[in-house]
Amino acid sequence: MTDVTATPRNLPRPDIEREPEDISRIGEISRPIGLWEGIFAITAVRRALVLIGLGIAWEVYARWLGNPLMFPSLSDTLSAWWEDMSSGRLPGAAASSLRVLLIGYGTAIVLSAVMTTLAVSTRIGTDLLATLTAMFNPLPAIAILPLALLWFGLGTSSIVFVIVHSVLWAVSLNTFTGFLSVSQTQRMAGRNYGLGGLRLVIFILIPAAFPSILAGLKIGWAFAWRTLIAAELVFGVSGNAAGLGWYIFEARNALETATVFAGLLTVILIGLAVEGIVFRSIEAATIRKWGMQNH
Amino acid sequence: MTDVTATPRNLPRPDIEREPEDISRIGEISRPIGLWEGIFAITAVRRALVLIGLGIAWEVYARWLGNPLMFPSLSDTLSAWWEDMSSGRLPGAAASSLRVLLIGYGTAIVLSAVMTTLAVSTRIGTDLLATLTAMFNPLPAIAILPLALLWFGLGTSSIVFVIVHSVLWAVSLNTFTGFLSVSQTQRMAGRNYGLGGLRLVIFILIPAAFPSILAGLKIGWAFAWRTLIAAELVFGVSGNAAGLGWYIFEARNALETATVFAGLLTVILIGLAVEGIVFRSIEAATIRKWGMQNH
Amino acid sequence: ATTVTIAMQNGIGYLPIIVADALGLFGKAVEAAGAPTTQVVVKKFSGAPAINDGLLSNTIQLGAMGTPGMLVAWEKTRGSYDIKGLTPLSMGRYSLYTSRPEVKTVADFPETSRIAVTALNTPQAILLRMAAEKQLGEAGIRRFDKMMVSLPHPDAATMMISGSATIDGYFANDPFITVLEANPKLHVVTTSEEILGHPATSGLLATTGKFVSEQPAIARGIVAAIAQAEDFIKAKPAEAGEIYLKSEPFNLSKDALTAMIRDNKWSTEPHGIMAYATFMAKIRMLKNPPTRWQDTFFAPIAAGTGD
Amino acid sequence: MLATEKMPGVAVGSGVQTLLQVDGVTLQYKTRDRLVTATYRVSFDVKEQDRFILLGPSGCGKSTLLKCVAGFLSPTEGTMKLDDRIIDRPGPDRMMVFQEFDQLMPWLTVLDNVMFAMRRSGRFPKNEIKDRARRATVKVGLERFQDVYPHMLSGGMKQRVAIARALAMEPRILLMDEPFAALDALTRRRMQEELLELWDDVRFTLMFVTHSIEEAIILGSRILVLTPHPGQVRAELDATAYSHEHQGDADFMAFNRKINGMLFGTQETAHD
Amino acid sequence: MLATEKMPGVAVGSGVQTLLQVDGVTLQYKTRDRLVTATYRVSFDVKEQDRFILLGPSGCGKSTLLKCVAGFLSPTEGTMKLDDRIIDRPGPDRMMVFQEFDQLMPWLTVLDNVMFAMRRSGRFPKNEIKDRARRATVKVGLERFQDVYPHMLSGGMKQRVAIARALAMEPRILLMDEPFAALDALTRRRMQEELLELWDDVRFTLMFVTHSIEEAIILGSRILVLTPHPGQVRAELDATAYSHEHQGDADFMAFNRKINGMLFGTQETAHD
Ligand SMILES: Nc1ncnc2c1ncn2[C@@H]1O[C@H](COP(=O)(O)OP(=O)(O)OP(=O)(O)O)[C@@H](O)[C@H]1O
Ligand SMILES: Nc1ncnc2c1ncn2[C@@H]1O[C@H](COP(=O)(O)OP(=O)(O)OP(=O)(O)O)[C@@H](O)[C@H]1O
Ligand SMILES: [Mg+2]
Ligand SMILES: [Mg+2]
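Chains as they are written, first to last, in the numbering used here: chain W, 22 to 316; chain B, 22 to 316; chain X, 18 to 324; chain P, 88 to 359; chain H, 88 to 359.
There could be a bad hint or two in this list.
In the PhoX-like style, the derived pairs of lysine-lysine whose C-alpha atoms are separated by at most 25 angstroms in a straight line are [what the hints assert, rightly or not]:
(1) Lys163/X to Lys151/X
(2) Lys121/X to Lys151/X
(3) Lys282/X to Lys271/X
(4) Lys251/X to Lys263/X
(5) Lys310/B to Lys117/P
(6) Lys251/X to Lys271/X
(7) Lys117/H to Lys310/W
(8) Lys310/B to Lys168/H
(9) Lys299/X to Lys253/X
(10) Lys163/X to Lys299/X
(11) Lys310/W to Lys217/P
(12) Lys299/X to Lys151/X
Read the hints as simulated data drawn from the structure, not as lab findings. For clarity, every value in this text was computed on a predicted model and none was experimentally measured.
I would like the entire structure built from these sequences, with the hints used as guidance.
Take a look at the structure:
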């Protein structure tokens with residue numbers, strides 16, 4: 022054992038002692054932030070800027086292209102959008118689509134909760150989930166169509182079925198991955214309190230895997246839209262119950278490209294609203310508050 | 022301060038001392054496992070059982086239904102499958118589809134690597150990713166169609182473009198969520214070694230977020246298939262270079278339902294192979310070996 | 018009350034259904050035929066395969082389809098569903114347009130051409146190959162296999178009008194013909210009438226044998242309603258046009274619309290069935306073609322005249 | 088050995104009931120390409136109301152043994168019985184404080200974390216839970232951090248929350264894995280006192296892992312000394328005679344040196 | 088204060104260069120509904136080759152201060168300068184050993200973890216890296232666990248890997264946050280010696296957080312004593328005179344008691 026302190030090169034320095042201030046409550050010590058820096062720090066402002074930028078890019082590109090039949094400008098699209106918004110046709114279509122969408126999305130979430138709970142509780146459940154996901158997830162909606170028609174006939178239930186198919190596997194896969202990534206210690210802590218099976222899932226795994234689950238829900242939401250719009254075409258409409266998918270299809274048939282884009286714009290706007298309001302609030306109230314999101 | 026040991030109810034017991042054995046190398050101490058238990062412990066066996074069960078269910082249901090034009094039995098499907106496999110038509114279609122698929126999938130992964138790296142490195146990148154994903158992810162392929170046709174014309178490039186659209190957002194969302202969930206300490210450790218920007222992403226964030234990334238890749242893979250098959254119908258390339266989507270589409274138009282299902286079966290088999298071989302090997306060589314997957 | 022669902026797609030060829038539905042002809046005719054409490058519902062789909070699935074799963078009872086589609090369904094469901102035509106709807110016109118000034122006949126299309134048809138079993142795809150056979154003999158049939166691409170009508174029309182180089186040929190039907198006609202850069206290479214030598218049934222209403230035998234009265238009523246609708250269309254094309262626009266918005270002047278309706282032939286008499294069937298058998302699209310057109314239709318149409 | 092078979096001599100040497108009976112337990116971690124033996128044929132008995140210390144060098148299998156008692160692992164060899172029944176699952180009768188800092192639920196505030204276990208076990212009347220939790224957080228000196236989420240705590244504070252959570256449960260058996268390692272001297276001393284006070288009130292059975300010999304002597308009534316990896320029993324010592332106030336005494340020091348010698352060989356004395 | 092401005096009196100009291108200059112630093116964590124002040128107006132200087140100890144009760148801001156020196160946080164008030172330049176980013180000149188057990192890369196084996204930092208910094212010749220890493224793992228007693236992944240290690244073993252990783256880097260400044268807290272007495276003693284030996288060889292500057300007064304005196308050449316939350320400077324003491332062999336001495340004990348009194352008030356003496 023070398024005696025290192027016997028050869029110190031650290032020269033002794035005099036001791037310093039201080040009486041600490043009594044600071045029962047230290048207030049906020051603020052650094053001044055410039056006005057622009059401050060405004061720019063607001064997420065909503067930055068995202069609005071991104072949107073404005075994209076809008077300008079759209080308008081400029083469309084004008085430069087000069088092919089409104091294939092790619093109308095933002096202003097054309099907006100005027101078509103405004104027309105159908107005020108006539109009530111677009112809001113009606115959007116509402117009708119949203120209703121079906123929410124039913125399908127909700128059903129898929131419930132089913133995937135059941136499946137992942139089974140998968141995380143039993144070994145055969147894991148195998149079932151892994152196998153079913155690998156088999157069915159790549160199947161396009163047309164594969165599901167015959168079964169949908171056989172079991173549910175024409176109409177909303179079939180569309181719901183197809184939406185469930187497109188959401189279920191993605192959400193389950195992400196949720197299950199999240200479950201498996203939960204720290205061993207947290208899992209043990211939960212089991213230590215006598216939690217098992219469903220209660221372990223609800224009280225430990227779901228909150229602990231929430232970032233993954235939320236990502237799965239976002240992906241599922243997007244794919245529900247995609248599927249809905251495609252499915253509305255296949256399953257068609259009768260009377261005036263048409264949704265956004267049919268709205269877009271009709272406009273396309275009529276070669277009203279600006280109207281097609283108005284329909285797509287509505288999808289985009291709903292997407293932005295759901296991301297900006299629903300998902301962001303959930304994030305703020307959960308994973309960001311819990312310190313599970315590190316940036 | 023209560024003197025608790027002054028009132029001990031623990032009665033003294035005699036000391037015990039032992040000389041530990043010298044065990045320089047302790048071998049495996051095995052518990053006997055029953056044969057069936059042992060076989061059942063093999064994942065491949067259990068999954069094969071699941072598959073056999075599903076196959077039987079299919080056959081029984083199809084026979085009971087007795088509607089081969091809507092839902093052919095597994096045996097009919099298999100004989101159609103075998104016919105087109107041996108004639109080389111199905112392998113050709115599958116190969117052609119796989120080629121396009123891999124190009125699209127690969128492109129999407131590269132793009133999403135770029136996007137998420139930007140997003141995790143800069144604040145405006147985050148906003149861009151979040152906004153673009155919220156906007157474009159819900160858009161169905163038909164929305165992308167005009168642009169695809171405009172930019173790439175008919176043919177493979179357009180299909181690749183549409184596949185990229187369907188994979189990119191899902192993979193990016195999952196990857197980015199994974200990045201944000203990386204433990205603060207690991208992130209700091211990486212930055213401590215002077216890693217930043219791209220190098221931080223490559224050496225720390227990607228491996229640390231690997232479970233999420235892998236889930237994203239699985240979802241992306243599945244959706245690439247779905248999109249490919251749908252896109253091949255729309256961009257339906259002429260007879261010779263046709264892929265699986267076109268194969269299914271033709272069979273459906275000809276009301277050869279067993280052939281349609283043979284095509285879908287091929288998709289399923291490829292899905293199972295990729296899950297069982299590619300993804301499971303990756304998992305075994307990474308997250309399971311690293312102890313990142315707790316079951 | 019029995020509910021009967023008729024499925025159709027978009028397109029002027031299905032105008033008789035639209036008119037019959039709008040004027041309430043189905044209800045009246047079915048009642049007159051002896052099935053008073055029947056409700057007839059019309060649904061729109063975007064593609065033919067869904068209509069087949071609907072018939073086979075009995076979620077719809079009658080489906081509008083093209084002649085080749087009916088022939089395929091007839092062959093495949095012989096002895097099981099017995100799908101046949103119930104009544105023809107229209108004898109629509111098809112015109113092959115090109116953006117290549119040098120192309121005068123189908124033989125002039127170079128190998129690199131891309132000609133849009135909606136699907137390979139549509140009348141257009143078959144007509145194109147018929148034309149090729151006429152010009153180039155048997156070898157010409159295969160030549161076009163590689164040149165045909167499947168694109169929905171609106172996309173093909175858009176690309177032709179906007180001068181995109183992706184496709185240089187498009188076998189159009191109405192109402193897209195009216196749009197292409199207005200474009201000076203495009204010209205017609207050939208039409209269905211030219212290829213077949215006469216107008217032929219393009220769209221028809223098909224149903225299953227089970228339906229006809231179980232609900233003969235309803236079937237008779239529907240045939241009658243379609244016939245009445247066609248009479249109306251022929252008598253009042255302008256009014257029929259208005260009804261059409263309510264169902265399917267399209268940017269057309271009233272006059273152009275009326276002219277277009279006049280240009281298409283409306284008849285419940287089957288024509289060209291055997292012409293299609295024979296050619297489809299030649300290109301192996303049918304393996305057991307019908308020997309008489311009557312095999313492919315239910316009574317009362319099968320008892321009438323046709324070819 | 089059958090689970091129902093009564094051991095003769097269970098009560099030998101003390102009039103107290105044997106609670107936990109560890110008999111020739113070998114614990115192994117099996118991974119695809121490695122087999123790590125954590126402990127090898129470890130045997131000991133824990134009596135009711137013992138304050139039983141597991142002492143041994145880093146990596147000798149202390150945490151593994153404790154996890155096995157908690158029911159998270161099962162032995163590859165030997166048996167581990169609680170109340171004469173083989174341990175086969177975790178349960179809220181054995182509260183565990185883990186060594187890791189991530190044992191708190193990040194989605195619950197400090198107070199909710201403390202209440203969580205009480206709520207889930209259903210052993211406490213609903214209206215009492217909040218009060219008990221408050222008292223427990225005050226005891227560990229976190230009264231000002233009750234509504235804070237775990238990610239806003241320092242390492243030592245996190246461990247204190249885990250301690251509060253376990254103490255508030257007043258379990259029959261308390262398993263603690265180096266709970267005070269992240270604490271400064273004073274806080275640690277206070278925690279030790281709280282623990283002993285609670286033991287005096289409730290008379291639970293404590294199994295406690297530590298690497299501090301001093302802490303072992305102060306807290307324990309019985310000390311199990313383990314050899315380096317893989318852990319074997321070196322000795323089981325009685326420590327009923329020592330507490331804080333004996334800390335400077337010659338007796339205490341001698342005992343400390345004795346354990347030191349057992350752990351590390353006599354040639355060198357390690358100071359903590 | 089400008090970053091380039093040379094302080095007068097930098098070298099006062101010693102002929103050695105001031106390396107780190109902390110001046111009135113207040114560190115705060117700001118979350119949406121809470122503002123936690125970790126340290127309040129802390130000032131001190133660290134000279135080249137100092138072994139500078141941060142000592143204070145749990146939650147007083149030691150880790151936060153260290154993270155600020157490492158460049159992960161920036162002060163809300165005051166300045167922190169390294170070589171007269173304001174610290175604005177982390178860098179491999181300041182190697183940090185974290186308090187948390189998850190600082191290892193789970194996707195790298197023990198050896199790869201140790202090599203990782205060396206590889207990334209590019210400061211070492213490629214062919215030497217593996218050798219250096221091997222030697223470092225042997226020093227921390229993990230020669231048999233070189234090819235094992237971190238999830239297969241005990242808590243103490245993980246911390247030892249982190250120590251090996253930092254030591255192998257031979258950094259100019261080594262920041263260590265309670266690195267030995269999870270270690271048993273002997274291992275800890277060995278680690279302390281390794282650290283001092285390395286210091287003797289390389290003469291790096293060490294900033295070391297501990298809650299053990301004894302460890303502070305043994306390791307440190309200078310000890311910063313902090314008050315409880317929020318951390319303020321209580322004293323900065325010279326400790327060049329004490330090392331292991333003085334551990335039983337009256338001097339050593341008196342110094343220990345002095346610090347104890349500063350930390351906790353004189354009325355009670357805590358033992359570690
Ligand atoms: N999950 C695991 N997989 C494989 N081996 C493991 C695992 N956990 C621990 N080990 C090994 O088991 C042995 C005992 O580990 P354990 O955590 O019980 O030690 P310990 O006595 O608690 O040490 P410390 O005081 O450092 O916490 C070690 O050699 C370790 O490498
Ligand atoms: N991420 C964070 N967000 C908010 N507050 C934090 C955060 N990290 C630490 N704090 C607070 O800052 C204060 C100081 O924490 P720090 O980790 O520096 O303490 P410490 O001296 O290292 O304590 P210990 O010895 O327990 O590790 C504590 O009151 C803690 O609650
Ligand atoms: Mg341990
Ligand atoms: Mg700390």
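Here is what the structure says about each hint:
{"no.": "1", "hint": "Lys163/X to Lys151/X", "verdict": "holds (18 angstroms)"}
{"no.": "2", "hint": "Lys121/X to Lys151/X", "verdict": "holds (14 angstroms)"}
{"no.": "3", "hint": "Lys282/X to Lys271/X", "verdict": "holds (18 angstroms)"}
{"no.": "4", "hint": "Lys251/X to Lys263/X", "verdict": "holds (19 angstroms)"}
{"no.": "5", "hint": "Lys310/B to Lys117/P", "verdict": "holds (12 angstroms)"}
{"no.": "6", "hint": "Lys251/X to Lys271/X", "verdict": "holds (16 angstroms)"}
{"no.": "7", "hint": "Lys117/H to Lys310/W", "verdict": "holds (12 angstroms)"}
{"no.": "8", "hint": "Lys310/B to Lys168/H", "verdict": "violated (43 angstroms)"}
{"no.": "9", "hint": "Lys299/X to Lys253/X", "verdict": "violated (41 angstroms)"}
{"no.": "10", "hint": "Lys163/X to Lys299/X", "verdict": "holds (18 angstroms)"}
{"no.": "11", "hint": "Lys310/W to Lys217/P", "verdict": "holds (22 angstroms)"}
{"no.": "12", "hint": "Lys299/X to Lys151/X", "verdict": "holds (14 angstroms)"}
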